[in-house]
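Novice: What follows is each chain in one-letter form.
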Amino acid sequence: MTTTVLRRVNYLNVKYGVASWLLTKDHKRIGILYLIVVAIAFLLGGIFAAAVRIELTTPQGDFVSADTYNALFTMHGVAMVFFVLIPAVPAILGNFAMPLMIGAKDVAFPKINLLSWYVFVIGFVFTLAAMVLGGVDTGWTFYTPYSSVYSSSHVLLTGIGVFIAGFSSILTGLNFAVTIHRMRAPGMTWFRLPLFVWALYATALVQILGTPVIAITILMLAVERGLGFGIFDPRLGGDPVLFQHLFWFYSHPAVYIMILPPMGVISEVIACFSRKSVFGYSFVAFSSLAIAVFGFLVWAHHLFVAGISPYSAMIFSFLSFAVAIPSAVKTFNWTATLYRGAIWWRAPILWVFGFLGLFLIGGLTGLFLASLGLDVHLHDTYFVVAHFHYIMVGGAIMGFFAGLHYWWPKMTGKMFSNSMATLAALLVFVGFNLTFFPQFILGYLGMPRRYHVYSPEFQVLNVLSSAGASILGVGYTLVACYLLHSLWKGEAAGANPWRATGLEWKTESPPIPENFAETPIVNEGAYEYSKREVKVA
Amino acid sequence: MSGHISPKTTYYAIFGSLMVLTATTVTAAFINLGSLNFPVALGIAILKATLVILFFMHLKYSSRLTKLICGTAFFFLVILFGLTLSDYLSRGWAAAPGGTAGAGTQVTVGPPAETAEEPAGEPQAAPEP
Amino acid sequence: MPNGLVAHADPHARGHAHHPALQHHFQTLGQQHEAATLGMWIFLVTEVMFFGGLLMAYLLYRVWYPEAWSEGSLELDIVLGGVNTVVLIASSLTMALGVRAAQTGAQRATVRWLLLTMSLGLTFLVIKFFEYKHKWDLNHIPGANFRFEGPHAPQVELFLSLYFGLTGLHALHMVVGFCLLAVIAWMAHRRRFTPEWYTPVELSGLYWHFVDIVWIFLFPLLYLVDRARHFG
Amino acid sequence: MLSGIPLFPEQASTLAPKVDNLYFFVTAVTAFFALLVVVLVTIFAIKYRDRTGEKVGSPIHGSIPLEIGWTIIPFFVAMVIFAWSTIVFFHIVRAPDQALEIYSTGKRWMWRFQHLEGQSEINELHVPLGLPVKVVFTSEDVLHSLYIPAFRVKADAIPGRYSSIWFTPTKAGEHHLFCAEYCGTKHSGMIGKVVVMEPNDYQAWLSGGDLSMSARGEQLFQQLGCVSCHLNNGSGRGPSLAGKYGTQETLANGTTVAVDDRYIRESILTPQMKLVVGYQPLMPTFQGLVNEEGVMSLIEYIKSLPSTGRPAATTQAGAAVQGAAPALAPADGGPR
Ligand code: HEA
Ligand code: HEA
Ligand code: CUA
Ligand SMILES: [Cu+2]
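Chains as they are written, first to last, in the numbering used here: chain A, 9 to 545; chain B, 4 to 132; chain C, 2 to 233; chain D, 13 to 348.
For the record, the hints were derived by calculation from the structure and aren't laboratory data. All values derive from a computational prediction rather than experimental measurement. Some clues are possibly wrong.
To be verified - Output of the computed footprint for chain D on chain A, the stretches with three or more beta carbons under 8 Å from beta carbons of chain D:
(1) 123-130
(2) 152-158
(3) 174-181
(4) 493-502
To be verified - Have a look at the derived ranges for each label pair, beta carbon to beta carbon:
(5) B/Pro42 with C/Leu81: 18 to 28 Å
(6) C/His20 with A/Trp29: 29 to 39 Å
(7) D/Ser75 with A/Ser73: 56 to 66 Å
(8) D/Ala95 with A/Val133: 28 to 38 Å
Stated by the list, open to error - DSS-like, lysine-lysine: derived pairs with alpha carbons at most 25 Å apart:
(9) D/Lys205 with A/Lys539
(10) D/Lys30 with D/Lys205
(11) A/Lys514 with D/Lys119
(12) D/Lys119 with D/Lys59
(13) A/Lys539 with D/Lys67
(14) A/Lys422 with A/Lys539
Glycine included, each C-beta is placed from N, C-alpha and C at the ideal position.
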């Protein structure tokens, strides 16, 4: 039964073989390539996290040595931030879905797209090498002069890895910005764009403007460490705090690289599963841009006790509160979208519910940290750790999973088990809260972060946290299991299993190599569910 | 494809202006303008860069989007410089009643000195013994 | 909608006379050109921010250590720096004329201008090399072997670190640009460009001008600006 | 261990209640918003649930008044938090004038504290109850951060610079002292305790010390040969340092600079950077010859030099603090 049967050609089966994947210029395949690498990095980061949590079940340092512990949380942070969360949504889901959503055949620069995957992998390999050779122990923030002079771990190798991976992010951002400007299908005006595309556009802005600064900062660090050039060296009159300014000039906006795309996913999924247009479409769209731009004005809120001028701290505190407003606008609009919807409880929206609750707590605790008077006490305690895990794990990773579940049928043509997905979402939600809520209390009690041994009175809360992490780990593993299972045993999904609007659902699942047989012509907004009734009937 | 084609004379004229400006900035470097040294040098450099961008890089004839992008770059550069310096330049104000500043703050490290006279006869490139 | 059955839905397959440079995912050459130039400008934005980090360090330490900056800039050779400025601006001129030649379809002239631009770029690099060599001979390379006599020696080391950082990065960009132009010149030689399609020439021109602009700032900032403290 | 899970840190300084009140306020405000959203989402999700997936939601697209409302209201709420927290912050940052000074250096991985009267201690800090104390500190190597949770104060120690924290302890006993900035292998071991004592006990404890800080500074001043140039009558090769502290010095480049801790430190370590008008750049650098603690002692000594030109006796310096301390307002010495 080989040649005579008409085979449905799609991007997965159009060609076989490793080479056809490694040399592909198809954005959809590149998305899958990213998914594979990011999954590996997530597993790795998760293993490091597990080791950290095991160590912290007792107040003594009895599981690993101090140096190992330091390497563990550093590598956990580096893997999760630079190799999971920054590429996760834009490079996997964005790559896969965005050209489809705007009705393009591909991104503007397919070769550069592939190149950026290679760059990413090379960066990852460097970082892996550093990890294998014994790790790096500076914290993911690489503060000088510890990183430039005192650390005896593989700072250079890791730095080079992160440096290289940064270019991947830049190239992705560049590619997406041009694609969104120049590749939209006829009729796809800016205000008909799905909100995910708006979010990616805002993200691209941050990637383009911010990432070069971290690149040069790491380069300066490398030159200082490797060649002995003094740039931040206090012995020459240099200022270690300048490194922090430059680092956070990128790394604060980078947290919006991590959260904006998941926010875009949330808008898509919420609209689809409540069968409604997103409430206040243009406000949600512009709040993405506002977050991207204002996000550049608040970096020194990480430096409130690092020796900056209190007047400057005041400005940055004010701006940090200001940047919370567009997030508030988004949150309220999502809530309002549910109002009088027809909410279809399927796996993707369950992850969205999780996102809403956890992002909310993460974001609101960000307000505590943005408050000068509180941050003096809270800085570098577990309160901060809890804050960013609530946003990054509870928010961004949940959002990523929402998107992964949402587009999985499109990517693979297969349906996963809805009941398993429901169970996983529940496990992750419960496990997550158990892991990280106690850390808020620990933080206010004054337990500093990056502590290998701690004072015995903190133990109970730490044990709770470790217990939660185990549940969390089970939850994530479950996701991996049923998604992989669906590849072999899943039902065929059909072109539009969720009955969603949006161009990506108008083509086959999995899509044909050139996305659309005919270039689509768009004549309505992104979420016209109310019109659909009339049409479908 | 129709890009704007400038007459050759435009290019030569721009080149000429750039040369004149280079000469100006070198000359200015040998005149002590006090606190104006830096602004003058920077001003001339900005002028030169603007000429290159507008004419050699055809920004003058490019789309609004391109102009916006070009402006964005410099806008964010100014944010980077401005907000960072907002810290460094206001550190000196931090002096608390006690003389030195309080939690998380230091007295500035750097001198605010703008004009300074060095002892005359500074040796050029001190050779290694 | 049985579009999954359509093996190849490429408009190029429909037999229109398409320009050979048109890539399959673009509708028109104009769209492709616009995408490419937009991409290049955005790339230049990233470059601006890239140099921005170093310039921030420069700016801060200049505010803090004006005397050291002055001492440091006296170490630099204003004649070589000045000559290089002229050379580089001239290369920008030849580059612009090269793009113009490509626009007007003057293929031979394009090649000639590009080669001229490359040789000016090379001149710049050679001069830069001798400047570096001189510093090397004086042990003015920051690091373990750094030697400097003077009241502000440590801060002068900072200055020189930034000098090497900024000019080194700039020189690296020159090298990349040089290679880029070599490829473009080869393509021009093979008559790959027409007045309808000369995007690569234009893009490498943008890049080259950008590198020139960086130097336009570096020259006064490093060689000139604090020199005058030592005069009347 | 399971007897009681601690949920709230001890309040042991005058700052702590201020920070905590702010904390409760922010918690209440954010809890309100969190509940608002969570409750609404839950209600909508259940009320408008559609098990078939066939229905379509109401065609609602947005509402400008609502958008404006939920932009402006959070903004004003945020501004209230901002204002309050900034007031608290400036309170934390500004040490009262009369605070008792203690010097400290952090190095991997310990804290050394140096009392003016001479007591020095490692990873332990004794302070009197009810008196404002200011700890001035720096780092000898990497970044550290001095953190006392019960007092709600923290500041990074930065090599090459002085930072400070201040507090007025309100609870006698022992409190944790942590290094809060990651500093390498034994970051988590760079901990200690703050011992808050009754002022009288503190005095008694102090008297157990050896040379006072300024006396040690005086010794160094002799040993390092500073005296050979800095004669108190001003006839030496260097300027007289008597009474210099706290004044303005005119520099050779025409600017003036306040003679404070930082300036003296700079004068010792990089003397050529700022030249006093009328003097030659003769002073050698003492970088490498004197450690951070030595510099602090020298500063303390120079501070103790009265403008009369005669160095203060060691005992006097100690007595001055002892005399001053009980006179301070015991509860809250901070401005406002
Ligand atoms: C995806 C990542 C992400 C995101 C989106 C955010 C978002 C925010 N973060 Fe967070 N943050 C991190 C990741 C993130 N952060 C990380 C990784 C660190 C630690 C780094 C390290 O040191 O290792 C950190 C640390 C950090 C600090 C420094 C703490 C310290 O070290 O001392 C601060 C201080 O201001 C801060 C503030 C904020 C604020 C105000 C927001 C805001 O954008 C949040 C906005 C959202 C909301 C406010 C919720 C929705 C709003 C409403 C429901 C309406 C009600 C609103 C009002 C009344 C205003 N964060
Ligand atoms: C995206 C970012 C991200 C994510 C997802 C996580 C996830 C987790 N983190 Fe992370 N964390 C950071 C970013 C992140 N973290 C950062 C930036 C730091 C600061 C580092 C520093 O101080 O320098 C930090 C620090 C940090 C600390 C503080 C260490 C210290 O200060 O001493 C702790 C302690 O509990 C912790 C715990 C956890 C736990 C339990 C998880 C769990 O959510 C992890 C659960 C995951 C697993 C257990 C993996 C199992 C998954 C699978 C098996 C499926 C995979 C396979 C496929 C998909 C195919 N983290
Ligand atoms: Cu010292 Cu951490
Ligand atoms: Cu931040």
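Novice: Does each hint hold? Answer for all of them.
Specialist: Evaluation of the provided hints:
Beta-carbon proximity to chain D at under 8 Å applies to 0 residues in the segment 123-130 of chain A; the threshold of 3 is not reached and the given coverage is violated. For the segment 152-158 of chain A, the stated coverage by chain D is satisfied: 4 residues place a CB nearer than 8 Å to a CB of that chain, which reaches the threshold of 3. Counting residues of the segment 174-181 of chain A whose C-beta lies closer than 8 Å to any C-beta of chain D gives 0; at least three are required, and the coverage claim is violated. Look at the segment 493-502 of chain A against chain D: 0 of its residues bring a Cβ nearer than 8 Å to a Cβ of that chain, fewer than three, so the hint is violated.
At roughly 26 Å, the beta carbons of B/Pro42 and C/Leu81 sit within the given window of 18 to 28 Å. Checked against the given bound of 29 to 39 Å, the beta carbons of C/His20 and A/Trp29, roughly 30 Å apart, stay inside it. Between D/Ser75 and A/Ser73 the C-beta distance comes to about 59 Å, which sits within the given range of 56 to 66 Å. Under the hint 28 to 38 Å, the C-beta atoms of D/Ala95 and A/Val133, about 50 Å apart, miss the expected range.
Under the criterion of a C-alpha separation no larger than 25 Å, the hint pairing D/Lys205 with A/Lys539 is inconsistent with the structure, at around 69 Å. A distance of roughly 23 Å separates the Cα atoms of D/Lys30 and D/Lys205; the hinted pair therefore holds under the 25 Å criterion. Between A/Lys514 and D/Lys119, the direct Cα distance comes to roughly 64 Å. Violation of the 25 Å bound is thereby established for this hinted pair. In summary, the hint linking D/Lys119 to D/Lys59 is not supported, as the alpha carbons are separated by about 60 Å, beyond the 25 Å threshold.
As the CA atoms of A/Lys539 and D/Lys67 are separated by approximately 12 Å, the hinted pair is consistent with the 25 Å bound. The straight-line distance between the Cα atoms of A/Lys422 and A/Lys539 is roughly 28 Å, outside the 25 Å bound, and the hint therefore fails.
The structure is inconsistent with the numbered hints 1, 3, 4, 8, 9, 11, 12, 14, although it conforms to all the rest.
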